[in-house]
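K.L.:
Here is what each chain is made of, one letter per residue.
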Amino acid sequence: MYSAANKLYEILNQHLGAYGVPETVITIAAYVVPCVLVLGLISTIAGMLTYAERKISADIQNRVGPNRVGPFGLLQFPVDGVKLLFKEDIIPDAADKKLFKLAPYLVFTATVLASLVIPFGGSFIVADLNIGLIFIIVVSSLLVVGFLMSGWASNNKWALLGGIRSAAQIISYEIPTALTLLTVVLITGTFSLQEIVKAQGPYPWQWFVFYNPFMMVAFIIFFISSLAEMNRTPFDFPEAESELVSGYNVEYSGMRFALFFAAEFSNIFITASLATAVFLGGGNIGMDPYSSGLGFQLLMVAVFFAKAIPLCFVTIWVRWTLPRLRIDQMMSMCWKYFIPISFVCLVLTAAWMLAFDGNGIFWRMPKT
Amino acid sequence: MSKYSSQEMVLNMGPHHPSTHGVLRFILQTDGEMMVKAVPDVGFLHRGIEKIAEKLPWQGFMPYTDRVDYVASVNCNLGYAVAVEKLADIAVPEKAEYLRVIAAELSRIGSHFIGFGALLLDLGAVTPFVHALRERETFNDLMEMLCGARLTHNYVRIGGVSQDLPQGFKTKCRNFVDHLEHEFIDEFNDLISYNTILINRLANVGVITAEEANEYTLTGPNLRGSGVKFDLRKDEPYGIYDRFDFDVPVGTGKYGVPGDCYDRYWIRIEEVVQSCRIIRQALYGLPGSGEIRTRLAKPFTVPAGEIYVRTESPRGELGYYLISDGGKNPFRLKIRTGSFSSMTIIEHLSQGVMVADLVAIIGSLDVVAPEIDR
Numbered sequence: 001m002y003s004a005a006n007k008l009y010e011i012l013n014q015h016l017g018a019y020g021v022p023e024t025v026i027t028i029a030a031y032v033v034p035c036v037l038v039l040g041l042i043s044t045i046a047g048m049l050t051y052a053e054r055k056i057s058a059d060i061q062n063r064v065g066p067n068r069v070g071p072f073g074l075l076q077f078p079v080d081g082v083k084l085l086f087k088e089d090i091i092p093d094a095a096d097k098k099l100f101k102l103a104p105y106l107v108f109t110a111t112v113l114a115s116l117v118i119p120f121g122g123s124f125i126v127a128d129l130n131i132g133l134i135f136i137i138v139v140s141s142l143l144v145v146g147f148l149m150s151g152w153a154s155n156n157k158w159a160l161l162g163g164i165r166s167a168a169q170i171i172s173y174e175i176p177t178a179l180t181l182l183t184v185v186l187i188t189g190t191f192s193l194q195e196i197v198k199a200q201g202p203y204p205w206q207w208f209v210f211y212n213p214f215m216m217v218a219f220i221i222f223f224i225s226s227l228a229e230m231n232r233t234p235f236d237f238p239e240a241e242s243e244l245v246s247g248y249n250v251e252y253s254g255m256r257f258a259l260f261f262a263a264e265f266s267n268i269f270i271t272a273s274l275a276t277a278v279f280l281g282g283g284n285i286g287m288d289p290y291s292s293g294l295g296f297q298l299l300m301v302a303v304f305f306a307k308a309i310p311l312c313f314v315t316i317w318v319r320w321t322l323p324r325l326r327i328d329q330m331m332s333m334c335w336k337y338f339i340p341i342s343f344v345c346l347v348l349t350a351a352w353m354l355a356f357d358g359n360g361i362f363w364r365m366p367k368t
Numbered sequence: 001m002s003k004y005s006s007q008e009m010v011l012n013m014g015p016h017h018p019s020t021h022g023v024l025r026f027i028l029q030t031d032g033e034m035m036v037k038a039v040p041d042v043g044f045l046h047r048g049i050e051k052i053a054e055k056l057p058w059q060g061f062m063p064y065t066d067r068v069d070y071v072a073s074v075n076c077n078l079g080y081a082v083a084v085e086k087l088a089d090i091a092v093p094e095k096a097e098y099l100r101v102i103a104a105e106l107s108r109i110g111s112h113f114i115g116f117g118a119l120l121l122d123l124g125a126v127t128p129f130v131h132a133l134r135e136r137e138t139f140n141d142l143m144e145m146l147c148g149a150r151l152t153h154n155y156v157r158i159g160g161v162s163q164d165l166p167q168g169f170k171t172k173c174r175n176f177v178d179h180l181e182h183e184f185i186d187e188f189n190d191l192i193s194y195n196t197i198l199i200n201r202l203a204n205v206g207v208i209t210a211e212e213a214n215e216y217t218l219t220g221p222n223l224r225g226s227g228v229k230f231d232l233r234k235d236e237p238y239g240i241y242d243r244f245d246f247d248v249p250v251g252t253g254k255y256g257v258p259g260d261c262y263d264r265y266w267i268r269i270e271e272v273v274q275s276c277r278i279i280r281q282a283l284y285g286l287p288g289s290g291e292i293r294t295r296l297a298k299p300f301t302v303p304a305g306e307i308y309v310r311t312e313s314p315r316g317e318l319g320y321y322l323i324s325d326g327g328k329n330p331f332r333l334k335i336r337t338g339s340f341s342s343m344t345i346i347e348h349l350s351q352g353v354m355v356a357d358l359v360a361i362i363g364s365l366d367v368v369a370p371e372i373d374r
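If you read the sequences in order, they're chains A and B.
The letter at position 200 of the first sequence is residue 200 when you use the numbering used here, and the numbering goes up by one with no holes.
The letter at position 47 of the second sequence is residue 47 when you use the numbering used here, and the numbering goes up by one with no holes.
This is chain A alone, in the form it adopts within the complex (with noise of 0.2 Å):
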């Protein structure tokens, strides 16, 4: 159980504690740090993406996209940023003033709760819990409250069926999500995600998407169903712009608005990392992740983002060129197909499991 907060606090303690400086403050110190470190990561990040949908989205469609601001337009993200937070905040009087202006809030820092259990290769993780997994699972499901909060704060017929459609949606698509995440979890008998990731190695074959033929279709169960959990096309129901006007987020402005937007990109990065980390190995070059040195470590960085990053792209491209789904033909997908398949892979991983002695295909159980 090593992370960045682990090794902050032990150089902290070396170098701080012979002055006499708490060992309390000291501890806050070394997670606090790390975790601004990596709120300024996943903002940064989801900026860099609201840039990347744009120019992607200009390519697919034969524009050009931004390239005013900076040079190819790469400081338009920023610009938008500042724009947005003078933009005059407009909270409607029929509104639910404290519960408004809670919302935003409470959405972006569920996603960004996630980010803190995201091993970004070597020892950059925040915090390396020991129910990782489970606790993405649970933050991102407390999505749903702030989305179902805007939507009846907003005192607005469309933010609210927008808020009702995304409950409906994100808890519909937590369980194969969950289910998927799950087959890992057999496989690794860990939900440290730090564990999952030192248990695969930096070869294809020893993913775990390649585990069995079960797990790609896992894989593939998992891919579309945090495409759902995302609110992105074709499941972008929730903001549906030519059904709902922007669903939610519609009497949102400013800066609470830009909080609704970048807690969707940084959660198209988030779902990108955990598929990552969990399904392709993450960072894992075949080292150990804590004792190899620096430049190993940020090898691994790289790797992970290497992998993380085409994820990205895949999500924003699928946006621009399939159409929306109808609510009920979503529904119908993931209660009818999703949930069932995503149990019968379970099942069958287990099965595979018994029967080939915690063997896959290519990857091997470690001997204990």
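Take every hint as true, because none was put in to throw you off.
Once the Cα atoms are required to be at most 25 Å apart in a straight line, the calculated DSS-like pairs of lysine-lysine come out as:
#1 A/K87 to A/K101
#2 A/K87 to A/K97
#3 A/K157 to A/K97
#4 A/K157 to B/K37
#5 B/K95 to B/K298
#6 B/K3 to A/K157
No lab work stands behind these hints: they were computed from the structure.
Since the structure of chain A is already known, use the hints to place chain B on it.
P.N.:
Below, chain B without anything else, positioned relative to chain A:
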């Protein structure tokens, strides 16, 4: 009544809603996601075009016809010109007839691009819409070459057209229709038309039977989508449309039952191909030289009488009912448009569908708000 009685939610969709295609309002009664009823409320774009006609000289009204349906303005020009010519008994030069057909069919293609493109946009597919608009851009360029305007063309004149073909138009136009017929339509269909999600969204949704289509006076592609083979260009040819060889596509229930949204979508794609065929034939048959406009008497008057002329616009039957008292301007003009009759069926179709389906139905009927209200 108990304290917690349940009732339907009344939603106000529009006039500024992204998928109402302009300024159009629907009053929805919904039970959660399910629609109980949708009542269209039209009139936000009423500009009194019919009244304006009474105050203007016969030729002077032509630019206003652009604004009847700004997505396909040449077709609206053409309907008015044909009506006045029939009433005043004016012959149109051969070359002008060909030019009119070329411009009108190009305009039909451009309009259908907006028609199915906007439908796809309403279904959440942004990219196909932009691809359709990219092709419409070539159409805009062609029209700009032809008459200088890109949206409100005002190309047709009473007794002819305003301008002859410019240099290079023929080649560019031929390349455009070849590109559409052989490249773009196939690519577009591969991209979106055969997409399972799209088929699930459109097939078996908003079914209009042939009887219903007749009862609700649907016209144009919406009527043909229900399987009724009726095209004014074929059945009541005006101008020189009887000289061209083209098919009239009708809805056959490609992926569902005849008359569903997918049929109405597919009809428009097929009509683009047919229009390409007409343009190619018209470019081939276009006389090399000749008059493009009949000289009108000055001051231009139309003998007393009345006439109803209907032409096939991209949104269905476009009828001009003209009454002349022999003076310099129309005594009365009534315009009958396809979008207005499409609005009548929405209340019937919207019963018991989902909110998302209503958006698909409105999109598939291809209404343009100014054409409803005039």
